[in-house]
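Starting from the given sequences, assemble the full structure and let the hints guide the process.
Here the sequence shown is numbered in this note's numbering, starting from 1 and rising by one per residue.
There's no promise every hint is true.
[Said to hold, decoys possible] Only pairs whose alpha carbons sit at most 20 Å apart, straight line, appear in this in silico EDC-like list of lysine to aspartate or glutamate:
1. K410 <-> D430
2. K161 <-> D175
3. K134 <-> D156
4. K207 <-> E237
5. K134 <-> D247
6. K143 <-> E180
7. K134 <-> D430
8. K410 <-> E126
9. K143 <-> D163
10. K41 <-> D233
11. K134 <-> D329
12. K143 <-> D233
13. K41 <-> D409
14. K134 <-> D163
15. K143 <-> D93
16. K410 <-> D247
17. K161 <-> D430
18. K161 <-> E204
No lab work stands behind these hints: they were computed from the structure.
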Amino acid sequence: MRVRRFPREARAGKPKDGPIRAAEVLSMTDTAASRPETSAKSLAGITVLDLTRVLAGPSATQLLGDLGARVIKVERPGSGDDTRAWGPPFVPDETGAPSDLSAYFLAANRNKSSIVLDITTPAGVEIVRALAAKADVVVENYKPGDLARRGLGYEDLRAIKPDLVWCSITGFGHDGPYAERIGYDFLVQAMGGIMSITGEPDGEPMKVGVGISDLMCGMYASVGILAALRHRDATGEGQFLEVSLYDTQISWLVNAATNTLVSGKAPRRLGNRHPNIAPYQTYRAADGHLVVAVGNDGQFRRFCAALEAPELASDPRFATNAGRLEHLDALNAALDPIVARADVATWVARLERAQVPAGPVASVPEALSDPHTRAREMVIEMPSPIVDGETLRLLGNPLKLRATPASYDKAPPRLGADRDTVLAEVLGLDPASIVDLAARGAFGAEVGPGD
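Structure, rendered in structure tokens:
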């Protein structure tokens, strides 16, 4: 599949003057040559049976697909993955009506083949078992015990594929007081502590603007799968691994957690301030917000010199990071009127020359259209699976492997679009066998959204 990138001259160009609107991002043209063809893929020959939905599991399996694994996404009849309906916006179908490809679904489901199976029927269970026997990895995000009750648990499938790597993604894990709870990102952000330290000091607890618990859980899952595959290749043994949204969120408290464990004090919401470093926050410039990220005393001295306020660096209250934290209100009282004198671009240029980390606060459209985003190939185009000649604009993969780069071979699929291909190529079934399975209810009937 040819993937179009931004023209090199656009990737190297300067940002346009003035604000960038969402409509401009959607209308940007792209005439570059495709990504260089390569046959080298890190996970070539690996087959992943994807029994997940929503974001944590699909993001993990998309990453494996980008690295060359064959990913077979099993979806329920009628509605498929929950996120197919999470819109608007939706990609329009041939008639202009909303399709089963929501923008949300597009974010985590490329490089996958979709097959609809009704695992409440013996025929549907039969196909899942047959696919698992051909797979290297199974990834699922059912509640603990749900698949086992259908004869599709780890022990059931390990009996027919002893070297199977099984990854179970749950909200709260397979044991502990909350093991039976349903977990969603928002809930886990709340229970995992991150919302208590996000937001303004006098405001309400705030969630992060994207599903960070889901995404990081998916990332941990993919790392665990790769480790289990390495173990399998060395020993011939498969294994069961689990990762939960809750554990992931606790782990991502990082220094907020260790601050608490060391001091015994609960961290507070600080808005855009940092609990351990100063100045490390936003300031209001003449035309917008400027982020300043001073990480050490040398940077602070250069920062003050660039602001033409060297007296701040020599002030004993501000000479050390600990002092700046203790006297941050006084420091900001001095910095605020200075930063307000010039626009963001002026400060960014001046601080960049001084080797002080600083930057603007970009909107999502501005970030997507930034020349650096283009140069890093973080926005790609893939042919639409709906309308010939049209394209989908998606995010690229941040992994930049030189010998085995990420590949974008298959756009996010329509619901069940790859059933016959998967059953023929993976299981060797002929059309008559597929018709028989359909008659036995393997592919289900039209149903409404699940719970």
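Right, here's what the structure says about each hint:
Of the pairs offered as hints, the one joining K410 and D430 is violated, with about 24 Å between alpha carbons and a cut-off of 20 Å exceeded. Between K161 and D175 the CA atoms are separated by roughly 25 Å; this puts the pair beyond 20 Å, and the hint is violated. As the CA atoms of K134 and D156 are separated by approximately 14 Å, the hinted pair is consistent with the 20 Å bound. Taking the CA atoms of K207 and E237, the gap is about 40 Å. The hint is violated against a cut of 20 Å.
At roughly 31 Å between alpha-carbon atoms, K134 and D247 are farther apart than 20 Å, so this suggested pair is violated. About 7 Å separates the Cα atoms of K143 and E180, which keeps this hinted pair within 20 Å; it holds. Note on K134 and D430: the hinted pairing holds, with a Cα-Cα distance of about 17 Å set against a maximum of 20 Å. With a C-alpha separation of about 27 Å, the suggested pairing of K410 with E126 is violated against the 20 Å cut-off.
The hinted pair formed by K143 and D163 fails the criterion: a straight-line CA distance of about 23 Å is larger than 20 Å. Proposed proximity of K41 and D233 is supported: the alpha carbons are some 17 Å apart, at most 20 Å. Between K134 and D329 the CA atoms are separated by roughly 62 Å; this puts the pair beyond 20 Å, and the hint is violated. Using a Cα cut-off of 20 Å, the hinted pair K143 and D233 is violated, with the two alpha carbons roughly 29 Å apart.
A distance of roughly 11 Å separates the Cα atoms of K41 and D409; the hinted pair therefore holds under the 20 Å criterion. A threshold of 20 Å between alpha carbons decides the hint, and for K134 with D163 the separation of about 11 Å falls inside it, so the pair holds. For a cut-off of 20 Å, the pair hint linking K143 to D93 is broken: about 34 Å separates their Cα positions. Of the supplied pair hints, the one linking K410 and D247 is violated, its CA atoms being roughly 32 Å apart against a limit of 20 Å.
For the given pair, K161 sits about 24 Å from D430 by alpha-carbon distance, which is inconsistent with the 20 Å threshold. Simply put, K161 and E204 have alpha-carbon atoms about 50 Å apart, too far for the 20 Å limit, and the pair is violated.
The earlier numbered hints that this structure contradicts are 1, 2, 4, 5, 8, 9, 11, 12, 15, 16, 17 and 18.
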